[in-house]
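A.B. asks: So you can see what is in the structure, the chains are spelled out below.
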Amino acid sequence: MNIEKRTQHFMLGAVGVLLLVLLMIAVKQDYFSRSTAIYFFTPNAQGLSKGMAVKFVGFKVGSVKEVRMQPNATVQVKVSLDDEYVHLIGQDAKARLVKEALVGESVVEIIPGSQQVRQVIQDSVLEFERGQDTSAVVENLASQLQPILSDIHQITSSINNPNGDIQQTLKNLNQASGSFRETVSQFTQLGSSANQKLDGVYLKFDKALDRVNSSLETLDKGMPHLVEKADRTLDNIQSATSDIKKITNDSSSEVPALVRNANALVQDGQDTLGGVKKSWLLNGLFTKPEEQALPVDSYVAPRQP
Amino acid sequence: MKIVRSNLPKVITVLCGLLLLSACGHVEEARSVRQEQATDFNLHAQRAFQRGEYQVAAALYENALQIDVAIENVDGIAINILNLARVNQVLGKPALAQRYLDSLLGDKALHFLPAHLAAAAVQRSLLRLQENDVAGATEWADKAAVYCVSDCKLSGVIDNARASIALRANEADKALYWSERAGSENKNASPIEYANSLRLSASARLLKLEPDAALRLAEEAMVIDKSLGLPDKIRQDLLLSAQAHDKLGHVELAAQCRDRAARIAATALK
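Those sequence lines, one after another, are chains X and F. Counted the way this note's numbering counts, the first sequence spans residues 17 to 321. Counted the way this note's numbering counts, the second sequence spans residues 175 to 444.
Any given hint could turn out to be false.
Said to hold, decoys possible - Some chain F residues near chain X, calculated using beta-carbon distances under 10 Å: (1) Gln297; (2) Asn334; (3) Ala337.
Unchecked claim - With the Cβ distance kept under 8 Å, some of the chain F side facing chain X (calculated, not the full set): (4) Arg205; (5) Phe223; (6) Arg260; (7) Leu300; (8) Leu303; (9) Gln304; (10) Glu305; (11) Ala335; (12) Ser338; (13) Asn362; (14) Ile366; (15) Glu367; (16) Lys407.
No lab work stands behind these hints, which were simulated from the structure alone. Cβ coordinates follow ideal geometry from the N, Cα and C atoms, glycine included.
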């Protein structure tokens, strides 16, 4: 009897532990918290997995419950949101797949929609977009740096090229300076009588160089401004072009409808006018057209001689 | 007076009621869809004729005529036959024009208005004249005058036709008589016919060796023809002016007028 009782207590204890474990699992699995299931669709499931955290303004508000492929090869993602936060999420909110840090786990972030729009309900579908991951950012950066690097490469190769403009200019300058030295020595040999004249020439040459320097400085100051302006102009042109494209795309579906409406309007107008013309108050003003004879012309071309 | 004033609102109401009743009593002339269709064809053809699209005009007049024959609209039949004769005359098909006119003038089954018969007869006369058949033209002009009785608007046209016949027969005095008579009839009635009268008078004056008067008349006719935009007639006015200048000894002016006429002829517009 004693053994039976002990066995009974042991069994009850085991069942109790089992129930406790099950309870803990249930709590962990949010079986006791009330939640709302919502969905979003994406062309591929890359980076999405079951159990993934769903965050809203930095707080965990739910998790990904299911990632399933649809018959049309799109991916349906079921997200469970705590009811506590549901009232904060409008139906125009978006789900975005982002990485929390440069190296870290991906999470689904809910981007809040408009407060005026109705909140999400059970089985609502949100729009989905992928945030840029690190590789995309690096790739983007690399694509922007590439033209700069190629420009630098071109400039350095141009400098190093013996037949390039810069090398040639340096050579010319070198030759010119040699010639100049020779000239100076010849001038020196001309004697002291010519010294005064040479001073004048030096002075003029110096002034000329100063002017050249000043012009180059002005050009140097003006160039970035000009480049910036040209850059802005190009941006404006690009923006205008994209606006025009957008307007054309937007209106392309409306134009045929507009033409149809205009036709209907003209028909209505004609019908109305016809009705007004027939009304007894106005029919006297509009006489019905009659068949008309062309005026007789008595002109007979004279016979050619 | 006092009674009327006191009952003024009642009087106005009664008058309005009577007006409404009379308006409701007005019955609009019923017109079939077919007849409206024929009218549409006729009006479109007229616009085509005015634009110089004579082939189109002929086709549309034929459509109108077909409908008018089908619904036996006698006036419509006469009008469209006359128009078809005129279009074919302009298109250079006098034989076809003549057949249309004969079908109208020789119709025993339908009774056309005398005005339509007069128009057909005068057109027939002008066609004969075009063929240089002076006798036939005179005969048809006389018939036209018979048809052209009370309230006829074609007397000026008939007189012009008679003036043309006289000119073709080199009878200057007769031509001047008919053209001046036609001019006085047409002056306020039809600019196109008035210009024709002036041109015929100018030709008669030239035959009578009166170039001054002929030049004046030809220039007056040209002003009207230019306002109407009639190239063939402007060219004819210029040729008459050239003849008058020749007779007056203005050789250079005559040459200028001939040059202007040649340029118009080169456009081949009628």
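A.B. asks: Please flag the earlier hints that this structure goes against, numbers listed from lowest up.
C.D. replies: Checked against the structure, the hints that fail are numbers 10 and 13, while the rest are satisfied.
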